[in-house]
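Engineer: Guided by the hints, dock chain B onto chain A, whose structure is given.
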Amino acid sequence: MNTQFLRKPLAVFVLIIIAVFAIVVALNKFKTPKPPIAEKPKVIGIVQLWHVLDRFYDGLKKGMNDLGYVEGKDVVYDYQNWEQNPAKINEIVQHHIDNNADLIYAVGNPSVEAALNLTKAAGKNIPIVYVLADKPVETKIANSLKSSGNNSAGVTNNMSELIPKQLEFLKKINPTVKKLGIYGEGFNVPGGVGAWVIKALKEHASNFGITIVEYKTDVPPGPLLTTEFERIANSIKPGDIDAQMHIPGHFYADQHLAEFVHAKRLKIITIEPILEEMEAGGLYSYSADLFAVGEQSAAIVDKIFQGTKPSDIPIEFPRKNILGINMKMARDINITIPDSVMAIAGVIIEK
Amino acid sequence: MKFKLYHKLFILFLPAMILPFLISGMINVFYIQKLQSDNVLRLNKEIGQFVATEIGKFLHEQFEILRSISNVYQESSADKKFQDIILDRFLYKTNGFIDLTMVNSEGKEIVRKNVFQVIAKNDLIDRKNNKEFIIVQKDNIYISSLIIKEGKPFFVLGKAILDVNGSFQGAVFVQIDGRIMQDTIRKVLKEKKIHNAYIVDEKGVLIAHPDISQVLAEKNFSYIPLVSAIIQNKNAAESLLIGEYQNEKKKAVIGTVIPMRFHLPNVFLFGKEIVSSAETKIKWWIITEQLASEAFSEFYKIIRLAALVLIGGLVVLIIVVLLFAKHIINPIEKLHYASLQLGKGNFNYRVALNRNDELKDLADSFNEMSEELKLSEEKLKKSTWENIKKLEDKINASEEEIYELKKARDNLENKLKKFL
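Order-wise, the sequence lines are chains A and B. The opening position of the first sequence corresponds to residue 1 in this note's numbering, with each subsequent residue numbered one higher. The opening position of the second sequence corresponds to residue 1001 in this note's numbering, with each subsequent residue numbered one higher.
Pulled out of the complex, with its shape left as it was, chain A reads as follows (with noise of 0.2 Å):
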């Protein structure tokens, strides 16, 4: 290489102009990739509690979607659901312990409680964030509404609140109910939302001149309790009850169906407490917008994942209630939906 232009002043003042040139513009130039949020995917251990409470997931999956994070790149979800089972409540907190989930997403009070109890057994301080937790100061999974103490929060669930304009509603489209109908003890999860629906019933029911009429066994979940329940609900007959309330966390994983057949055999409505399950053959339900219930918690889960500590999350409550109308078994039981209801109800099923 010749170097004998090196000698030259001129080439070498022009030689370091260039290269300061290229130092600023590369120092300007040059810009660091935007980091993803997480090194490596946070993963959700999902504790689902039913697969018809599923848009409490797709909600959380949206929400979390719109905070930035990509499914696979930056969060995945290992979705494990125990279908109204309690036998595979622990077995499915202790898969999401011991594969290390980074939080875990509880549907349900057992679903919380395992969670707790077992993360605390573990000596593993994962956070949990919950929905469709029922009284969760009452039930000691949270020492405050404004602070819960522990490694959980979430979005409580208000069906045992609604329970009175629930029956407000009920003597609206037929005021002259006055014997109603619930599947209660042995058919439901001891200690979950379905107990206190049940003890919100019997507190209100007389102040809308209503009686429970409760069916109750004590035969154990499975098969049996499946033909327990036919047999039960074959027995009752028109006149017997005027209305039955659906009541959540059964056992018998489709009994909500098999009462909306009863229903229409005995021309009487079923309330259910969540909007989605009316969907398949309730008359009305006045519940908690389970996706938007998702989608508020995921705003929680991002808190958690951004460093706040669960205790310092105060519990929220769902931002929206929704009347639901279901109008093809108000046909089906020959009931006409007064005015009054259909004119606040949000979502009408026509078919």
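Relax, there's no trap hidden among the hints.
Using 30 Å as the maximum straight-line C-alpha spacing, the simulated DSSO-like pairs for lysine-lysine come out as follows: (1) A:K202 - A:K140; (2) B:K1192 - B:K1152; (3) A:K320 - B:K1149; (4) B:K1219 - B:K1149; (5) B:K1108 - A:K172; (6) A:K202 - B:K1149; (7) A:K171 - B:K1152.
Counterexamples of contact, computed for chain B against chain A with all Cβ distances above 10 Å: (8) L1189; (9) S1297; (10) P1331; (11) D1364; (12) E1371.
Don't read these hints as lab results, they were simulated from the structure. None of these values were measured; they are calculated from a predicted model. Note that the Cβ used here is the ideal one computed from N, Cα and C, for glycine as well.
Structural biologist: Just chain B, lined up with the frame of chain A:
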């Protein structure tokens, strides 16, 4: 102590070249910083006013709904069933409404509806002595601060029901889910791409914040310097405040405080204006925050670039000065060496300068001088040798004479001795 010309030139030229560069750079940086600061303050002020406007719009909409409720309620008084349906529709279909109450002119609740609770006739109360009734009777409207009951945040808005003569006939009150305010704040944050915005009351308690947890936890922001200034100084509370401080997340921010003003719209009933518009002061303050690092990011970019250009420029200047000094000094040093050689008598030494300026002329003159000196020396040497030869010849001739004289003397001495 000798101070080399090379160093003198370096010390002289470098500041002379750098100083104007530095001074103009510093002046530019100063003005850019001032411009950027003014921009940041102006932007913060605009954003604060935008948030205030959006919240004002939201409240305006709510009061329009209340006005519709009171109008419809009065107009449907003959049909109680229809009236009931209409009130239900307003309650269940208006976003955020939790409770709706109609109160008569004496403060007694006539109708009350709630989305969570069943309200029986014997649940209706007398609000005659309640703060909200007293205020709505006097001011025609009422806006509460944020209330959190059993974990649920809400506001109470009240509006007077007036007859055609403007006489007070009662009031309509609604409870609105406080989380609606979060939606308005979040919308603003997204639109204006600012770091944070929130609302506090006169005690510094959060009314609205994009993070609902802060509101539900009933956080008090009175430790924030701007909020503290509002609480402590009523005069300060009436005007726009701007300052830099650390926020609740310990981040340096530029914050602006704007007092909330709400403008009640003109009330028209049956084509007649009943109440002229009046500005209502709500004791809320809107705080908007920009991250200091982001607010001045453009300025810092410019500073970084200016610093790089300055450093680069300084390096170039130093090299230029060095090269320039070298360019001047080198020939002088060559001439100096040549003069030393000349002093030593080396008239054959010549200065070789490959340039085309006065120094080349000087070198040429020097070389000419050397040549002349060389020739002079040679001439001098030649004449000196000639003179020496002449002297030698003369000495030789003198020596011969002296020899002859000596010979003659010796002959005389010998003759004299013989004679004696």
